[in-house]
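Protein chains: 2
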Amino acid sequence: VLFYIGGNDSMDTVCKLDKYINEKGLDFQVIGIPKTIDNDLPVTHHSPGFKSAAKYLAVTVNEIARDSMVYNCESVTVVEVMGRDTGWLAASLGAAAPNDFFPVLGVPESPPVHLIYLPEVPFSFEQFISDIKQVQKQHKSVIAAVSEGIRFADGRYVGSSAQSGQTDIFGHSYLSGAGKVLERLIQREIGCKVRSIELNVMQRCSAHLQSVTDIVQSEAAGAYAVECALNGLSGIMVTLGRQFSYTDAANAANKIKYFPAEWINSQGNGITPEALKYF
Amino acid sequence: VLFYIGGNDSMDTVCKLDKYINEKGLDFQVIGIPKTIDNDLPVTHHSPGFKSAAKYLAVTVNEIARDSMVYNCESVTVVEVMGRDTGWLAASLGAAAPNDFFPVLGVPESPPVHLIYLPEVPFSFEQFISDIKQVQKQHKSVIAAVSEGIRFADGRYVGSSAQSGQTDIFGHSYLSGAGKVLERLIQREIGCKVRSIELNVMQRCSAHLQSVTDIVQSEAAGAYAVECALNGLSGIMVTLGRQFSYTDAANAANKIKYFPAEWINSQGNGITPEALKYF
Numbered sequence: 040v041l042f043y044i045g046g047n048d049s050m051d052t053v054c055k056l057d058k059y060i061n062e063k064g065l066d067f068q069v070i071g072i073p074k075t076i077d078n079d080l081p082v083t084h085h086s087p088g089f090k091s092a093a094k095y096l097a098v099t100v101n102e103i104a105r106d107s108m109v110y111n112c113e114s115v116t117v118v119e120v121m122g123r124d125t126g127w128l129a130a131s132l133g134a135a136a137p138n139d140f141f142p143v144l145g146v147p148e149s150p151p152v153h154l155i156y157l158p159e160v161p162f163s164f165e166q167f168i169s170d171i172k173q174v175q176k177q178h179k180s181v182i183a184a185v186s187e188g189i190r191f192a193d194g195r196y197v198g199s200s201a202q203s204g205q206t207d208i209f210g211h212s213y214l215s216g217a218g219k220v221l222e223r224l225i226q227r228e229i230g231c232k233v234r235s236i237e238l239n240v241m242q243r244c245s246a247h248l249q250s251v252t253d254i255v256q257s258e259a260a261g262a263y264a265v266e267c268a269l270n271g272l273s274g275i276m277v278t279l280g281r282q283f284s285y286t287d288a289a290n291a292a293n294k295i296k297y298f299p300a301e302w303i304n305s306q307g308n309g310i311t312p313e314a315l316k317y318f
Numbered sequence: 040v041l042f043y044i045g046g047n048d049s050m051d052t053v054c055k056l057d058k059y060i061n062e063k064g065l066d067f068q069v070i071g072i073p074k075t076i077d078n079d080l081p082v083t084h085h086s087p088g089f090k091s092a093a094k095y096l097a098v099t100v101n102e103i104a105r106d107s108m109v110y111n112c113e114s115v116t117v118v119e120v121m122g123r124d125t126g127w128l129a130a131s132l133g134a135a136a137p138n139d140f141f142p143v144l145g146v147p148e149s150p151p152v153h154l155i156y157l158p159e160v161p162f163s164f165e166q167f168i169s170d171i172k173q174v175q176k177q178h179k180s181v182i183a184a185v186s187e188g189i190r191f192a193d194g195r196y197v198g199s200s201a202q203s204g205q206t207d208i209f210g211h212s213y214l215s216g217a218g219k220v221l222e223r224l225i226q227r228e229i230g231c232k233v234r235s236i237e238l239n240v241m242q243r244c245s246a247h248l249q250s251v252t253d254i255v256q257s258e259a260a261g262a263y264a265v266e267c268a269l270n271g272l273s274g275i276m277v278t279l280g281r282q283f284s285y286t287d288a289a290n291a292a293n294k295i296k297y298f299p300a301e302w303i304n305s306q307g308n309g310i311t312p313e314a315l316k317y318f
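Each protein sequence line maps, in turn, to chains A and R. Letter by letter, the first sequence follows residues 40 to 318 in our numbering. Letter by letter, the second sequence follows residues 40 to 318 in our numbering.
Please keep in mind that the hints were generated in silico from the structure rather than gathered at the bench. Please note: incorrect hints may appear among the correct ones.
Pairs involving identical chains hold if they fit within one copy or between any two copies, as the list cannot separate such chains.
Below, in silico cross-link-like pairs of lysine-lysine (DSS-like), each with a Cα-Cα straight-line distance of 30 Å or less [claimed, not checked]:
hint, residue 1, residue 2
1, Lys74, Lys232
2, Lys232, Lys55
3, Lys232, Lys294
4, Lys63, Lys74
5, Lys179, Lys74
6, Lys232, Lys316
7, Lys55, Lys296
8, Lys172, Lys58
9, Lys232, Lys94
10, Lys179, Lys316
11, Lys294, Lys316
12, Lys179, Lys294
13, Lys294, Lys94
14, Lys176, Lys232
The whole structure should be built from the sequences, with the hints applied where relevant.
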């Protein structure tokens, strides 16, 4: 039995291998087990890896918020979060609770992230600046979380809009992340202190902040996959929920589960109570 | 009594206030307590804050190394570390031990960081590329740590060398960090997979990874400062070492303790056993 652990691409591999096994009549099974910090695998309620990445984000953004809050000036921090196609990780920051361990005297504790932008919602520079100005009426230091994959209504990535014909000192066209682009936009349109932070691979590799539930469920998902194998199954993907189950791997292969439109607020810059319940 | 906690600038404020108190004959004392992740305050053996930042770096770079190690291709990761004038933090990565908690089968565990570049050593693109190629003979994935303040022999910052006349989509001249510049250099000169990671404010605000020794010593330094105050002292800075002591704040005001030249290896890309002993 081959147990193949991964996301949408990996489940496509499971399908192809299973097809090959059947065609050749081989005595072999292949079973997919979900694992992606993007949380974008269909059918399964969630994917192992996501909770750990979300935990890293919640802890880190709280600390970043504290770091910016101590200065006595207006500031905006743009935190760029992984998610090229879907916004699950950025959206999870809507569930980040204020950090009560290190209270700052006189500063009312509020959730660290004020604005959230996902690839699922067409992005607009004008709306973004207007949103920030709105939050600035109440908060001296504003934190906005953006998925790396946010794009304009015409489909162009915000993160590649800095490319237009520009080259660096080596003559290469320059690729800038969404956070950097928005940092410069705020510099021009608002002019306050601004910083963009790319959380980079730390989101997926910060093992010291792994979610315990994630570890326990990952192991249990593996055990369930072995049961499936012993029952002779092949070409399936294990699914997680209140109970383990499985689905035809074809239902997940190269398919994307987007962040539900009804879980995004009407302004397109945050999540609904329903989403909060999911997280 | 005013207890003023901070780095070189703050100690300058301590001096100025003490001078003012003396001139006016006021019944007031001012006492400086060191705190800087840069570890660049003179006289004191080290400064509170540094150990916590170094701990964050060691943990995180180990995880980044693991993240890059799992791919079966040549890669270079450039980690940009805080330190505009001095390289203490980047140098501390020379003491980062391999992470034995999550061993990868068949991969011999080695210290995660192969090359270290400090502001104290004139930087050369040619030497950097030659160093990387040298390490690539032994390691599939190479990790280089650079201080944000590395500069060429003529004093120009590597991190600003991308500015030359270029503007972004908003017409602003573009400021690029040292890591990004080196990422593009490697892309051009070596052509393998390359990524630069800016550890940004997380280095100074990751409270969840605070060093316990750091916390204990900070509190003790505060208590010692109170003793100094009760003894009638003013215009001084507390110093840390095997024992607490104090020095005239003027000895630290606007002065910088550089990473010692004799603790840098002869190739200028790592630290000596003596430095390791200090860390």
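To see whether the hints hold, each was checked on the structure:
In the homo-oligomer, the alpha carbons of Lys74 and Lys232 lie at most 30 Å apart only across protomers (24 Å), although the nearest pairing inside one protomer, at 38 Å, exceeds that limit. With identical chains, the CA atoms of Lys232 and Lys55 are at most 30 Å apart between copies only, with a shortest distance of 28 Å across copies and 52 Å within one. With identical chains, the CA atoms of Lys232 and Lys294 are at most 30 Å apart between copies only, with a shortest distance of 27 Å across copies and 41 Å within one. In this assembly of identical chains, Lys63 and Lys74 lie within 30 Å of each other by CA distance solely inside one copy; the values are 29 Å within and 68 Å between copies.
Proximity of Lys179 to Lys74 under the C-alpha cut-off of 30 Å is restricted to the inter-copy arrangement: shortest distance 25 Å between copies versus 39 Å within a copy. For the homomeric pair Lys232 and Lys316, neither the shortest alpha-carbon distance inside one copy (34 Å) nor that between copies (40 Å) is at most 30 Å. For the identical chains of this complex, Lys55 and Lys296 are intra-copy neighbours only, at 21 Å inside a copy versus 61 Å across copies, given an alpha-carbon limit of 30 Å. Taking the shortest alpha-carbon separations for Lys172 and Lys58, neither the intra-copy value of 55 Å nor the inter-copy value of 43 Å comes in at or below 30 Å.
Taking the closest pair of Cα atoms, Lys232 and Lys94 come within 30 Å of each other both inside a single copy (27 Å) and across two copies (28 Å). For the identical chains of this complex, Lys179 and Lys316 are intra-copy neighbours only, at 29 Å inside a copy versus 44 Å across copies, given an alpha-carbon limit of 30 Å. Within a single copy, Lys294 and Lys316 get their C-alpha atoms as close as 24 Å, which meets the 30 Å cut-off; across copies the closest is 53 Å, which misses it. Taking CA atoms no more than 30 Å apart as the test, Lys179 paired with Lys294 passes in neither setting, with 41 Å inside one copy and 33 Å between copies.
Taking the closest pair of Cα atoms, Lys294 and Lys94 come within 30 Å of each other only inside a single copy of the chain (25 Å); across copies the shortest separation is 40 Å, beyond that limit. Taking the closest pair of Cα atoms, Lys176 and Lys232 come within 30 Å of each other only inside a single copy of the chain (16 Å); across copies the shortest separation is 44 Å, beyond that limit.
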